[in-house]
Amino acid sequence: MQVRKTNYQVNATPRLQVLTEDAIEAIYYASLRVLYETGVRVYEKEGVEVAHAGGAIVEETTEDSSLVKIPHYMVDKARSTVPSKVVVTGPDRQYRMELFKNQIYFGGGSDTPYTIDPYTGERRRATYQDVKNCARVAQALPNYDFHMSLGITQDTAVGTYDRWQYLAMLEGTSKPINITAVDLEGVRDQLEMAYIRVGGKEEWKKGPIFSLYIEPVSPLSHSKEVVQKLLFACDHDIPFVYTPCPLAGATAPTTLAGLLVQALAESLFGIVISQLRKPGSQLIIGGLMSNMDMLSTIYCYGSPEMALLSAAYTDITKWLRVPEYETAGCSDAKLFDEQAAMEAAINISTAGLVGGNMIHDVGYLDSGLTSSIELMVASDEIIGMIKRILQGIPVNGETMALDVMKEVGPGGHFLEHDHTYNRFKTEIWQPKLIDRQNWENWQMAGSKSYGQRVHERVIEILEAETEPLLDDAMFKELRRVCELADERHKGEELDVKMFG
Amino acid sequence: MSEIYEQIATGILEGNVPKIPELVQKALDEGLNANDILNDGLVVGMNEVGNRFKSGAMFIPEVLKSAKAMHAGQELLRSLLAASGAAQTGKIVLGTVQGDLHDIGKNLVGMMCEGAGFEVIDLGFNIEPEKFTEAIKKHQPNIVGMSALLTTTMRAMGYTIKAIEEAGLRDKVKVMVGGAPVDAEFAERIGADGYGHNAVSGAELAKKLVGAA
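Residue numbers (numbering that gives the first Met the number 0), protein chains in the order written: chain V, 0 to 499; chain X, 0 to 212.
Keep in mind the hints are simulated off the structure, nothing from the lab.
Treat the hints with care, since some could be wrong.
As the list claims (entries may be wrong) - Just some of the chain V residues that point at chain X, by a computed CB distance under 10 Å: (1) Arg124; (2) Asp182; (3) Ser295.
Said to hold, decoys possible - 25 Å max Cα-Cα, derived DSS-like pairs, lysine-lysine: (4) Lys161(X) <-> Lys489(V); (5) Lys130(X) <-> Lys44(V); (6) Lys76(V) <-> Lys100(V).
All residues carry an ideal CB built from backbone N, CA and C; glycine is no exception.
Modelling step: build the complete structure from the supplied sequences, incorporating the hints.
Now the structure itself:
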């Protein structure tokens with residue numbers, strides 16, 4: 000065999016890298032200084048005690064909180080046990096996320112107060128049925144790998160809505176779910192529901208069917224509920240997302256590097272406490288960081304800074320070898336319109352190219368306040384496009400097709416060639432909703448805009464007959480957990496109905 | 000005489016925090032009336048800040064700097080204005096409600112209200128209903144402002160209004176609410192007097208509630 004080629008490098012996939020290793024290390028060591036010198040405020044005594052027993056300095060203790068300073072060696076120690084891979088599956092194990100370096104999975108966002116009614120286009124408070132609808136759509140979309148509620152069930156009890164929300168999602172999808180919980184008891188109840196759904200605690204241990212969303216408050220604050228949830232998740236083998244949402248210029252420095260340092264310090268605290276509590280506890284660190292719009296004061300979900308920061312944070316987490324919670328498929332537009340499509344396309348591309356692991360918030364409009372099934376469906380196709388780009392261009396004898404070119408020769412064509420016949424389906428991505436017809440055919444098909452075609456697809460999915468995912472007995476058992484929670488907390492609801 | 004007013008208004012517009020007290024003091028030393036310094040200098044500047052912000056020519060950090068300068072000027076005038084019997088804009092007690100640690104929105108409202116001439120007593124975050132009622136008794140504000148970011152903690156706004164009622168203080172204060180999941184309909188349902196959809200509208204609402212707008 001003759002070998003002539005040397006030093007030949009290929010990109011099996013296109014690459015995007017925002018930060019160099021040196022920049023990542025600078026940010027990491029700066030975060031260690033923040034943890035040690037500035038410290039974080041912890042509003043939960045048990046969390047403070049765990050940190051203190053592990054070597055943290057505890058100062059300025061007040062009635063409800065302490066300032067906790069973490070020496071760097073505690074972080075080193077925690078990093079030696081924090082898993083580099085986290086797995087979350089669906090209840091029947093058909094769907095599976097293997098979250099580790101350079102693996103991408105897309106899914107929705109949680110708990111928006113509002114949704115766009117898919118039939119009337121009206122923006123209104125989300126309900127149980129909306130959450131179920133979003134889950135059914137997530138189930139139908141091939142590029143959706145996991146699900147988050149995309150709405151708060153606001154026609155159920157306010158203090159225990161999280162259980163109902165989980166039930167609505169379980170009714171609609173068998174993909175992995177990232178849940179939210181109003182408090183520790185909410186986590187406990189939903190874990191009980193998950194045991195019912197997956198077939199018991201041992202089955203859960205074989206593969207958790209949800210991860211738990213936990214959000215510390217920027218800057219550098221870890222609330223009571225947050226720390227309680229974290230400790231409970233460690234104790235019960237629940238993988239959890241620990242994601243601060245710092246806002247450049249408002250709850251973090253306006254310089255993006257400063258924001259990254261702060262966000263990392265916030266996540267590292269989660270890593271340290273979790274590994275002290277139970278070495279091997281599974282975290283996914285995030286992931287939602289952006290700028291405040293200095294005219295409207297909104298949290299920007301569609302800004303280039305949001306995409307850039309998320310990508311940079313992905314670089315940091317790859318270096319740390321901890322799975323990441325990315326953000327994409329979201330927009331500040333109020334409707335699914337040109338702006339929404341544009342912003343989602345940019346942030347989905349960036350997240351896909353950089354290789355964030357659990358890429359969430361697909362379907363978010365209105366700065367995270369409103370969900371849109373239309374944006375979910377439109378984004379599914381954008382994800383399809385970026386996945387095609389990620390397949391890159393393999394360069395070899397077969398693909399360079401010199402023989403084929405020679406056969407066809409100058410002036411011929413390739414349409415009838417077996418090389419085309421055998422390869423066009425795998426080589427060329429075929430869209431589903433994007434229009435490529437000529438003018439006349441497009442006109443004959445009703446002259447529909449992309450928005451109209453997306454809308455029709457939404458209705459088609461919602462009205463398709465599907466087999467129920469939960470049988471009657473299981474549904475009743477799950478609903479019982481929700482009802483018991485309502486019963487325990489009924490005294491805490493307001494006298495007036497909060498939402499219409 | 001009008002020159003110093005113009006300098007004060009320009010200083011506000013530029014957010015010149017150290018300069019404003021100097022200019023106000025200079026105006027007082029020249030024998031000008033506190034009320035006129037306020038209305039013809041500080042307020043003129045702040046109104047222009049409002050106009051420019053609305054047209055997108057000024058941004059939040061710049062507006063906050065101006066508000067801070069405004070506040071510094073007013074502090075100097077406060078005792079004089081009180082002595083002259085001139086009406087103050089009013090006093091606001093602000094807080095993020097029980098169970099909620101999110102306070103960036105509440106802080107923004109506080110700064111905007113200070114810029115609008117209010118005396119602001121910021122209770123902080125995670126504030127229990129009783130803390131609000133105690134603060135009302137202690138500070139006797141015109142307005143109580145509450146903020147929440149979560150639907151679960153929105154309930155605490157309802158509890159707090161109830162506690163204010165039960166303490167017999169409801170007719171002594173106006174209540175305004177705000178926060179991302181809050182809307183006007185909810186504000187009405189729990190018996191608040193108004194809802195601000197952002198910091199600027201919060202400050203405008205506060206002025207309306209005390210009859211200063």
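So, going through the hints one by one against the coordinates:
1. Contact between Arg124(V) and chain X, as hinted, is supported at the beta carbon level, the nearest pair being about 9 Å apart and thus within 10 Å.
2. Taken as an interface hint, Asp182(V) checks out: its beta carbon lies about 8 Å from the nearest beta carbon of chain X, inside 10 Å.
3. Taken as an interface hint, Ser295(V) checks out: its beta carbon lies about 7 Å from the nearest beta carbon of chain X, inside 10 Å.
4. Distance hint between Lys161(X) and Lys489(V) is fulfilled; the C-alpha atoms sit about 17 Å from each other, no more than 25 Å.
5. Using a Cα cut-off of 25 Å, the hinted pair Lys130(X) and Lys44(V) holds, with the two alpha carbons roughly 22 Å apart.
6. Our distance criterion of 25 Å between C-alpha atoms is met by Lys76(V) and Lys100(V), whose separation comes to about 21 Å.
In summary, this structure violates none of the numbered hints.
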